[in-house]
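Protein chains: 2
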Amino acid sequence: MKVHNFSAGPGILPKEVLLKASEACINFNNSNLSLLEVSHRGKDVIEVFSNAEHLVKSLLNIGDEYAVIFLQGGASFQFAMVPHNFLNKKAAYVNTGVWASKAIKEAKYYGETLVLASSEADNFTHIPKNYIIPEDVDYFHFTSNNTIYGTQTRDFPNSPVPLFCDMSSDIFSHRFDASKFDLIYAGVQKNMGPAGATMVILKKDLLNKIQRKMPSMLNYQIHVEGESMYNTPPVFAVYVSMLTLDWLKRNGGIEWAENRNRAKADLFYSELDRNSLFKGTVTKEDRSWMNANFIMNDPAKEDAFKKVLKEANISGLNGHRSVGGFRASMYNAMDLDSVQVLVNVMQEFEKTNG
Amino acid sequence: MKVHNFSAGPGILPKEVLLKASEACINFNNSNLSLLEVSHRGKDVIEVFSNAEHLVKSLLNIGDEYAVIFLQGGASFQFAMVPHNFLNKKAAYVNTGVWASKAIKEAKYYGETLVLASSEADNFTHIPKNYIIPEDVDYFHFTSNNTIYGTQTRDFPNSPVPLFCDMSSDIFSHRFDASKFDLIYAGVQKNMGPAGATMVILKKDLLNKIQRKMPSMLNYQIHVEGESMYNTPPVFAVYVSMLTLDWLKRNGGIEWAENRNRAKADLFYSELDRNSLFKGTVTKEDRSWMNANFIMNDPAKEDAFKKVLKEANISGLNGHRSVGGFRASMYNAMDLDSVQVLVNVMQEFEKTNG
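Sequence order for the protein chains is A and B.
So for the first sequence, our numbering puts the first residue at 1; every next one is plus one.
So for the second sequence, our numbering puts the first residue at 1001; every next one is plus one.
Calculated from the structure, these hints are not laboratory results.
It is possible that some hints are incorrect.
One side only, chain B facing chain A, incomplete, derived with CB under 7 Å [to be verified]:
id, residue
1, MET1001
2, LEU1013
3, SER1022
4, GLU1037
5, GLN1072
6, LEU1116
7, PRO1194
8, ALA1195
9, MET1217
10, MET1229
11, ASN1231
12, THR1232
13, VAL1235
14, PHE1236
Where a beta carbon is used, it is the ideal one built from N, C-alpha and C, also for glycine.
The shape of chain A in the complex, shown without the other chains (with noise of 0.2 Å):
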């Protein structure tokens, strides 16, 4: 019985991936041995990172001039990270939402941290967009989706300092010149793989801005230098990566996964905004393609909602325990079929509860 998954995350990964997964946990590479049992230094594991590291500068259409490594904590360790290594006199932020709050959070803790906007007194229901990058700031940082509201933005600035995003919610669902980018993170549990791995893309000029003295496991320019291997690194998360890479890189790259998730978000917005008993939560213009939030015009109507939803075997879309309502995250790996699925039973509920 196939269940629809609109996870927020650790999300909806292609059933194939799964396959693989589920093999290599007792046969990797028909060497009789689990790959969770075995050397990183191993030449096959090796070559799963080499493999997710090429697949990565190929769909992004970077060169070598780009370091692609994979590193542990999540986004969340990114947040100290990064101001650890390139904060030296100040940096600019922008808020849009919780982790954009978090990523500002531990920067302060390195230097001087400029909020250049925030639509915190909106509750984030929008992003913020006329503010001016300073030129004297170490670069600029912001969140491309942020999850937690449904907000996203695809068309990204141009900065006069180094340009760094959080791409953890929407990284290869649209295509955009990565080129202009200094550095991108992104968690792999929504687009990639499981939990357990961050990627972290940068330019390698970068590593000569860093002066702060920092232990090793903080250093960008020690993971680079190990070429993800520094010590041991999250073998499994970046095999499952590196599967979904070549996946997405076999249907078509990023231009196939746009189209996809365009027309999951056309037909379940379109609905979104047809249907009397739904409304949608943030600013339409920066609707997000990724997760899509939404509330009932009447709350009482929640549980019934809820019972239809569990019997047309679609999990996950309960809204964040911050926010509440309804949220339905439409990432690379889901079918238009299953958004389908939930636009049927939106019809239907307004049939007969409307």
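For chain A, the structure is supplied; the task is to place chain B on it using the hints.
What follows is chain B alone, placed relative to chain A:
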């Protein structure tokens, strides 16, 4: 065809654990969803973490005065996190190998770091013993098992100050009085699970000693309060660890593991001492039950020996790239049968090549 997995880590895991892990990649707890694509805030995943914590406490016979948390970054991240939290004035370390040296290096970044004793001048072939732990340090830190050299401390010192230990490569392998310790950490990829999670056991009253301000991800207090879920945790690695802990408990706990490990070590080291072609590289009294390092008296015979190892389906017996030779790692999940296969191969090789 069974492969005898002597890998130093990530290392051998119980077959039944690997089968369950493989199943969970496709269908976790009969949800028809993969463990890799569900929220860590779900009831079933929270139960995994709770079970893991309770199994650790039960196996080590410790109570609620201790917190058990699962973090990311391996022991290498703990090398920094420990002094970041607890080195206020000065700390004392013993240098028993590469990992201890790295822990010392990171501690120096935070404050005065006394090295009470070191066997570095003797290539770490023994464990230094005649040192006195000073009473005016914030803590005393040592490494219980040194994977690269094959030495181990199984009788733990009494300490007038908080006692900290890196038990990455021998946790749960023999009985010891855990209540002597204030903080124990272990990358899970030897005796517990795959790479990607680190277990930390710490006395809760230790948290009162944290004085330094620091980013959230470095702060034990925050991870203890968040019950390992301050941010998205490495769910799969913790799940596999929980399964291994459960396997250990059902089989008889640490006493069972100790008996097995002693028998394996006795079998292997007896042959090593008897066989005219091989010799051990460390002081006998400091030999590790987890990692047995040895060399051939005639290095010209190494290639021929490697060939017969391969024919016998023996894997992972190469020494660490920094020291060469051979290393037989015999973690908890290894059966005596596999050690017997290795011993048979050594005896046969002596007959034909002696």
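Tested hints:
no.: 1; hint: MET1001; in the structure: 6 Å, holds
no.: 2; hint: LEU1013; in the structure: 5 Å, holds
no.: 3; hint: SER1022; in the structure: 4 Å, holds
no.: 4; hint: GLU1037; in the structure: 5 Å, holds
no.: 5; hint: GLN1072; in the structure: 4 Å, holds
no.: 6; hint: LEU1116; in the structure: 22 Å, violated
no.: 7; hint: PRO1194; in the structure: 4 Å, holds
no.: 8; hint: ALA1195; in the structure: 5 Å, holds
no.: 9; hint: MET1217; in the structure: 5 Å, holds
no.: 10; hint: MET1229; in the structure: 10 Å, violated
no.: 11; hint: ASN1231; in the structure: 4 Å, holds
no.: 12; hint: THR1232; in the structure: 5 Å, holds
no.: 13; hint: VAL1235; in the structure: 5 Å, holds
no.: 14; hint: PHE1236; in the structure: 5 Å, holds
In summary, the structure is inconsistent with hints 6 and 10 from the numbered list given earlier, while agreeing with the others.
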